[in-house]
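Student: If you're matching them up, the sequences are chains A and B in order. Add 43 to the 1-based position in the first sequence for the numbering used here, that's all there is to it. Add 43 to the 1-based position in the second sequence for the numbering used here, that's all there is to it.
The set of hints was computed from the structure by calculation and includes no laboratory data. Hints may contain errors.
Note that identical chains are pooled: a pair holds if it fits in a single copy or bridges any two copies.
Unchecked claim - With a straight-line cut-off of 35 Å between C-alpha atoms, the simulated DSBU-like cross-links for lysine-lysine are:
#, residue 1, residue 2
1, K283, K259
2, K264, K193
3, K193, K259
4, K283, K98
5, K98, K264
6, K51, K193
7, K51, K283
2 protein chains.
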Amino acid sequence: MARLIDGKAFAARLRTRIADETAEFVTDTGRRPGLAVVLVGDYAASQVYVRAKQKACEEAGMSGSVHRLAPDTTQAELLAVIARLNADAATDGILVQLPLPDAIDADAVIQAIDPAKDVDGFTTASAGRLLIGLPGLVACTPLGCLMLLKEVAGDLAGKTAVVIGRSDIVGKPMALLLLRESCTVTVAHSRTQDLPAVVRSADIVVAAVGRPEMVKGSWLKPGAIVIDVGINRVPAAAGKTRLVGDVDFDEAEQVAGAITPVPGGVGPMTIACLLHNTLKAARSRAGLNPTT
Amino acid sequence: MARLIDGKAFAARLRTRIADETAEFVTDTGRRPGLAVVLVGDYAASQVYVRAKQKACEEAGMSGSVHRLAPDTTQAELLAVIARLNADAATDGILVQLPLPDAIDADAVIQAIDPAKDVDGFTTASAGRLLIGLPGLVACTPLGCLMLLKEVAGDLAGKTAVVIGRSDIVGKPMALLLLRESCTVTVAHSRTQDLPAVVRSADIVVAAVGRPEMVKGSWLKPGAIVIDVGINRVPAAAGKTRLVGDVDFDEAEQVAGAITPVPGGVGPMTIACLLHNTLKAARSRAGLNPTT
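One chain only, chain A, in its complex shape (with noise of 0.2 Å):
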C-alpha cells in the first residue's frame, strides 16, 4: 500500500518557516513583504482563489492587497494598473488571477509584469531563466510539486520521470525542474503513443492533464512516486459530486510506492508556494539572500 503525500501537512509547515523567515525579513526591513493580487471582474471562482490568497498573506505575516477592477475594465486600464504596481516599493510580488475577460490579451498583461516581482512565474523572463538553470522564480504548482517530490524521495539524480501533460504553467516547467534534478525526463502528452508503456518506464510520475482518473494502477511501476495535479469535479451519488484527479487513485495507491490525494496532495502546496515566492521576490528586491 502507498505510503500518503500529505500536502496539506507539508504545506502547513512549509507556511509556518515562511512566517518564521517573515518575521524576520519585517526585523530586518521594517516593512512587511507585499503581495497585489489583480482581480478583473466577478468570476464566482475567482473570488473564493483570491480571498484565499490574501488570507494566506496575512497568515504568514505579509500585506496582501487585492485591486479588484470592473469586469468591463480596458486592457490600457489594467496595464496601467500593473505599471503602477511594479513601480511601488512596497509590492514585492504580482499576480493577475485568471482567467481575465475575453477583450483582455491576458499574454499582454502578464508580460508587463516586472519579472522581479512575477511571483506566478508565468511571464517569458521566468520561464527564460527556468530554461537556462538561472535563478529566478518559477510557477507554484511545478515547484510545489518538486518540493514533494524531494521530500519524499530526497536526491531525484538518475531517477527516470515521467510528466503527463505539456502545458505552459505545469507539465513543461515541471520538466525542466526535474531536468535540474537530474531526473531522465519524459513528457507525455495526448498524442503519445502507448501512454501506459511509456508511464510504466517511470520512478517518478507526475499526471497534470486534467482528466479524470486517466491513469491507472496497472500503468504503474511498483513502487513509483505519482504526484497527482488533476483537480476534476465528476459526478457522485445522490446527484452530488467530488473531487477526483488525473490518477486513479485506488488501484494506484495499490501499486505506488507513495501519490498525492487528491484533494489535499498539490493543491495546498500551490498557495503555499506562492508564499514562497513573495518572500523570495521581496528578500531579493531588499538585497537580501533569496535562499529557500
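Go by the hints and put chain B onto chain A.
Tutor: Here is chain B on its own, set in the frame of chain A:
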C-alpha cells in the same frame, strides 16, 4: 543501410531560398537585412567562425559586419557596443561570438541583446518564448536539427524522441521544439541510467553530448532517425586527426533508417539557420510577416 541525411545539400537549398527572400526584402524595404557579429579578442577558432558567418551573409545578399574588439575590452565597453547595435536601425541581428574573455560576464552581455535582434536565440526572453510556445527566434543548431527531421520524416506527431544532452543551447531547446511537434520527448544525460535502453525506445535520436562515438549501433531501434550534433576531433592514423560525431556512424548506419554524417550533417544547417533568423528578425522589425 541508413539513408544519409545530407545536411550540406539541404543547407545549400535553404540558403538559396533565403537569398531569394532576401532579394524580395530589399525590394520591399530598400535596405539589406543586417547581421552584426561582435568578436572580442583573437581566439583563432572564433576568427574562422566569424569570417564564415560574414561570408554567408554576403552570399545571401545580407549585410554582415564584424565588430572586432581588443582582448582587454571591458564589460562596460562591450555593453556599450551592444547598446549601440540595439539602437541601430540597420542592424537586424546581433551575435556575440563565444567564448568571451574570462573577465567578462558572458551572461550579462547576452541578456543585453534586444530580443528582437537575438538571432542566436540565447537570451532568456527568446528561451522563455520558446518554452511558452510564443513565436520568437530559436537557437540555430536545434532549429537546424528540426528542419532536417521534418525533411526526412514529415509530420513528427506521436513519434518518440530522445535528446541526449541537456545543454541550454542544444538539448533543452531541441526538446521543446520536438514537444511543439507533438513528439513524446525524453531528455537523457550523463546521469541517465541505462542510456542504451532509453535510446532504443526512440524513433528519433538527437545526440548532443560532445563525446566521440558514444552512441552505438546496438543502442538504436531499427529504422530510427539519428541526428548527430557532435563534432569531436579525434586522433587518426599517421598522427593526423579526424572529425567524428557523438554517434558511432559505421555501426549506426547499419541499423538506423536515416542518419546525419559528421561533417556535413547538422554543421552546415547551423549557419543557414543563422541567416534564416536574421531574415526573420529583419522581416519582423520591418513589420512584414516573419513567415518561414
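Student: For each hint, tell me whether it holds in the structure or not.
Tutor: Results of checking the hints against the structure:
no.: 1; hint: K283 - K259; in the structure: within (24 Å within a copy, 57 Å between copies)
no.: 2; hint: K264 - K193; in the structure: both (19 Å within a copy, 34 Å between copies)
no.: 3; hint: K193 - K259; in the structure: both (24 Å within a copy, 34 Å between copies)
no.: 4; hint: K283 - K98; in the structure: within (28 Å within a copy, 71 Å between copies)
no.: 5; hint: K98 - K264; in the structure: neither (40 Å within a copy, 55 Å between copies)
no.: 6; hint: K51 - K193; in the structure: within (16 Å within a copy, 46 Å between copies)
no.: 7; hint: K51 - K283; in the structure: within (24 Å within a copy, 64 Å between copies)
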